[in-house]
Amino acid sequence: MEKMPRWADVLLIPLINLTIAFSISALVILAIGENPVVVVKMMVSGALGSSYGWGYTLYYATNFLFTGLAVAVAFQASLFNIGGEGQAAMGGLGVALVCLFIPFPHWAVALVFAMAGGALFGAIWALIPAYLQAKRGSHIVITTIMFNFIAASLLNYLLVNVLRPTGSMDPSSARFPETTHLPTFHDMLTPFGINFSKAAPVNISLLIGLVMAVAVYFLLWRTRLGYEIRSFGKNQSASVYAGISITKITIVAMMISGGIAGMMAINNTMGESERLIMNSVEGAGFIGIAVALMGRNHPFGVLLAALLFGFLYQGGGEVSLWTKIPRELIIVVQALVIMFTGALDNMVRMPVERAFIRAAKRRKAS
Amino acid sequence: MTGQDNNAERRENAAPAIELRGISKAFGPVQANKDISISVQPGTIHGIIGENGAGKSTLMSILYGFYKADAGQIFIHGEETLIPDSQAAIRAGIGMVFQHFKLVENFSVLENVVLGVEEGEMIRPSLAKARKHLKELADEYELHVDPDAKIEDLGVGMQQRTEILKALYRQADILILDEPTGVLTPAEADHLFRILNGLKEQGKTIILITHKLREIMEITDTVSVMRRGEMTATVKTAETSPEQLAELMVGRKVLLEVDKKPAEPKEPVLEVENLRMVDEFGVERVKGISFNVHAGEILGIAGVSGNGQAELLKILGGIANGTGQIKVNGQELDLTGKHSDGRSRRERGISHVPEDRQHLGLIMDFAAWENLAFGYHHEPEFQKNKLFMNIPGMIKDAEDKMESFDVRPPNAHLEAKSFSGGNQQKIVLAREITRNPDLLLVGQPTRGVDIGAIEFIHKQIIALRDEGKAILLVSVELDEILSLSDRIAVMFDGHIMGERMPEETNETELGLLMAGVTDTDEGEAA
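If you read the sequences in order, they're chains V and E.
Here numbering that gives the first Met the number 0 is used: the first sequence runs in plain steps of one and ends on residue 365.
Here numbering that gives the first Met the number 0 is used: the second sequence runs in plain steps of one and ends on residue 525.
Hints were generated in silico from the structure; no laboratory data involved.
Bear in mind the structure is a predicted one, so any value in this text is a computation, not a measurement.
Every residue, glycine too, gets a C-beta built ideally from N, C-alpha and C.
Please note that a few of the clues may not be correct.
To be verified - Here are some chain V residues pointing at chain E (derived, C-beta under 10 Å):
hint: 1; residue: Y226
hint: 2; residue: R274
hint: 3; residue: E281
hint: 4; residue: R295
hint: 5; residue: I356
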């Protein structure tokens, strides 16, 4: 009984998939009339060539890490949460209220409360669709996507009518007080003699994101709740047989998912803009779906995928700045990456698997 | 040795209807067929028997063009034939009746028969032609089906006839049937065999795939035995015995009869009173049934599948709600409320081996150790502390259970789907029996399970009975009901038609009850 070695499963196949996706992207760039080699150079130097580039790549990656983990947890319960966008936006509201209305002595205390506030608002925003799914059978895909629009409109209203400081022309909240400002990588690395770009927004939230990834791993594979979430995700009727409550798991898994998405706001709202602005999530909730898909709903995979998409996002921004290639091309590249790593995975996997088995047989024969 | 001479003569006269030479097929690491050669004489019924996972279905799928063999040749009537898809198989005169019918539910019989072989742009002329042809076929082979009946309104026996008609309409002269009697009552199975014999007399060649020895002995002329992807023997049915075939299938001597002491029933453990259940479509599936199961006794519930047995098990197991009264050890069960769930049932000492282990009993993507705690994952021994589960402990526990239930391979980290049907069932049984329940619910314990494992599973169930536990057995296999049960109840259309003692009844009588023929002694039962 030969099997493909694990390294090939985890590394080789995704690499081949990515290579194919990038090759086709190169063809698309050629078709637009640009030189793919130049474009790749530009992306790499823009995203990874300086601490400024790294700072943005990691900042985006942090956003995607949170939303990717959020989607992954729901996916493990076979719940397709495409409401990460709205949950993260509501998380921003939670973070903003905490930062604006509670006086904090130190950013560390503020961070803990902001995480709680963001998670609470995100979780509540996920709770309503979860409840409707569990009790009323309204499909979660429909309700969560609707809730994205509701969240956007609600924030629009609040920013224009309630949170906007009098006299301001900008539909955004007041700036958060100084004591809630999170340390950036520049602040954190200067004591070690490393000169990280001061302008780059990456901040301590990245470390929180890494802790969340580990926490999600332990939740899913070490706790009873995780066991129930995964069994529910793999086989609902068997879970009922085992006495697992469908209602409970649907609601709890969605609230965890929404909570993690809401927590993203410590990065973009508290860490970067330091006030609540319109459309602060910038599509990270949707990219989280791609990140979770590519990362196979495993926290470690989600981390790698978040880094890749952070790179694509920052590198793509650079490219659109200096060439006539529109920023939307990055969406094409993302789509190709998702297609080859997700949907067409077996196209590569099967032949590779066969090749390994043949090689193993030959070794045995000789 | 005149038999051999005859054979030789026949081989000269007529080429084999089907000859396979050196067929091999691997799925990834699994070698499903290894160098299989078989020759099927025209105008005979050729049985292929083997345990689940022996490679019977793979072989037939190659013959029908669903899979491409890695190596080997196919000869139809002496001519080498390539069968890249099912269209080619149909052109070569091969018809297949699958285990799971491939019919359009809301089409009529006639429409289903014509589907895919319509001629011309308009449907009416083809239908008219088919209607005439169907009538001829029906008269010729005793294959009467109302051509205008919708499939969804027909019983499984009729649906199966439609499948056979479909094949014949496509001018099949070689007919392959995959486990055709799995869903039939004994009477329907007899009728099917009459049809098959009729087809044989008309010169058709029939390949019958089954795991039931009785059918092989009853109807086939020749039988080929498969084991682990290999063809271990081809023998004339008249020259073999069930014992010999079983041995060829399993590779060792098998005890076909169940060895058990007479039951010593004690106090009632399960008392069911006027139990009813209405399903989500508003159809009443269980229509007021009452029975008891005593400690130290196996009550067998016989019946054709779909007559309320599955629902009965679901209510008892806490998966579905019902109305009426159920007492376990004298205490009433919650049938509709908060405690009508699997977990509460387990806490009351009820273990449940569900009918459908792949959809209910196991999570196929979970490792064996995860499955072996499934449903009992709240038990204190599986917890490390308030937060985390005791994973090394769960793995150790799983390894112990797998060893004592002889699960092969004994690797707790393998996913459930990588085990054979029999070993999957052993995992479920190990999990449920080792909980030492007061009442064990068992549904179809040996469905899709190989003969070697059947013997083991039956022994485990009887051992639990001998420990003084109550066992409720639901099975559609009459043999199993007759050999395991200490008392038999027959269900039909949501009712219990009657109770019998196994030594005082026989298949014919039970078969009548299963078909709903009213039992006049009903009042005396229970």
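Cross-check of the supplied hints:
1. Checking Y226 (chain V) against chain E: minimum C-beta separation of about 6 Å stays under 10 Å; hint holds.
2. With its C-beta approaching chain E no nearer than about 37 Å, R274 (chain V) sits outside the 10 Å limit, and its interface hint is violated.
3. Because the beta carbon of E281 (chain V) sits about 35 Å from the nearest beta carbon in chain E, more than 10 Å, this interface hint is broken.
4. Checking R295 (chain V) against chain E: minimum C-beta separation of about 13 Å lies over 10 Å; hint violated.
5. Evaluation of the I356 (chain V) hint against chain E yields a held restraint, the C-beta minimum of about 6 Å falling below 10 Å.
Comparing the model with each numbered hint stated earlier shows that hints 2, 3, 4 do not hold.
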